[in-house]
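Full structure from sequences and hints, please.
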Amino acid sequence: MQTIQDVMTRDVQSISPQETIQRAAQMMDELNVGAIPVLDGQKLVGMITDRDITVRATAAGQAPDSTRVGDVMSTDVRTCSPNQTVDEVLGQMGDVQIRRVPVIDENSQEVIGIVSMGDMATKHSAGVDRALEEVSSPAEPDRSGIGSETRH
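Our numbering numbers the first residue of the sequence shown as 67 and each following residue consecutively.
Hints were generated in silico from the structure; no laboratory data involved. Do not rely on the hints blindly, as some may be mistaken.
Unchecked claim - Computed beta-carbon distance windows for the label pairs:
(1) Thr151 / Ala125: 34 to 40 angstroms
(2) Glu176 / Ala129: 29 to 35 angstroms
(3) Met67 / Arg117: 17 to 23 angstroms
(4) Gln68 / Ala125: 35 to 41 angstroms
(5) Glu96 / Gln158: 25 to 31 angstroms
(6) Asp142 / Gln92: 23 to 29 angstroms
(7) Thr124 / Val162: 22 to 28 angstroms
(8) Glu154 / Asn98: 24 to 30 angstroms
(9) Gln175 / Thr120: 28 to 34 angstroms
(10) Thr120 / Thr151: 29 to 35 angstroms
(11) Ser132 / Gly157: 37 to 43 angstroms
Where a beta carbon is used, it is the ideal one built from N, C-alpha and C, also for glycine.
Structure (structure tokens):
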């Protein structure tokens, strides 16, 4: 049975919650990714996705060069451990409609990798179709906090 450590991406770039969403978007472009873990020191405090930037910030009229990652990031981050099975994590991803999950070391509690639907599709095909179908089902947008404060 394959575990997450068999399929995860190990060299994970992160961003600080104090950085601007413009910098986050630039990093996503440079790295060709759609999400970046947000770390305060070594502690995972959120995830910033291209969708967070587009829906929570740009659509609300927030300026990319002054809006902080911490203002629009997702804070309810699902994580997994390197020893969990691929099938177990795929099921969780499908249940909560997410495409990427940070991998946390059980001892240090530090981010040691990230696993995505793409990683699993290329390295482990069983179960990916069902999870991808669940993740791709339409969900209500999360607009919490939009418009609650104005930035100039």
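Each hint, compared with the structure:
With their beta carbons about 38 angstroms apart, Thr151 and Ala125 fall inside the hinted range of 34 to 40 angstroms. Look at Glu176 against Ala129: about 32 angstroms separates their beta carbons, and that is inside 29 to 35 angstroms. Taking 17 to 23 angstroms as the suggested C-beta distance range, the pair Met67 and Arg117 does not conform, at roughly 32 angstroms. The beta-carbon spacing between Gln68 and Ala125, approximately 39 angstroms, falls within the hinted interval of 35 to 41 angstroms.
Taken as a hint, the range 25 to 31 angstroms holds for the pair Glu96 and Gln158, whose Cβ atoms sit roughly 29 angstroms apart. Taking 23 to 29 angstroms as the suggested C-beta distance range, the pair Asp142 and Gln92 conforms, at roughly 25 angstroms. Checked against the hint of 22 to 28 angstroms, the pair Thr124 and Val162 passes, with Cβ atoms roughly 24 angstroms apart. The beta-carbon spacing between Glu154 and Asn98, approximately 28 angstroms, falls within the hinted interval of 24 to 30 angstroms.
For Gln175 and Thr120, the Cβ-Cβ distance of about 30 angstroms falls inside the hinted range of 28 to 34 angstroms, so the restraint holds. Under the hint 29 to 35 angstroms, the C-beta atoms of Thr120 and Thr151, about 33 angstroms apart, fit the expected range. The hint said 37 to 43 angstroms for the Cβ distance between Ser132 and Gly157, and at roughly 40 angstroms that hint holds.
Checked against the numbered hints above, the structure breaks only hint 3 and satisfies the rest.
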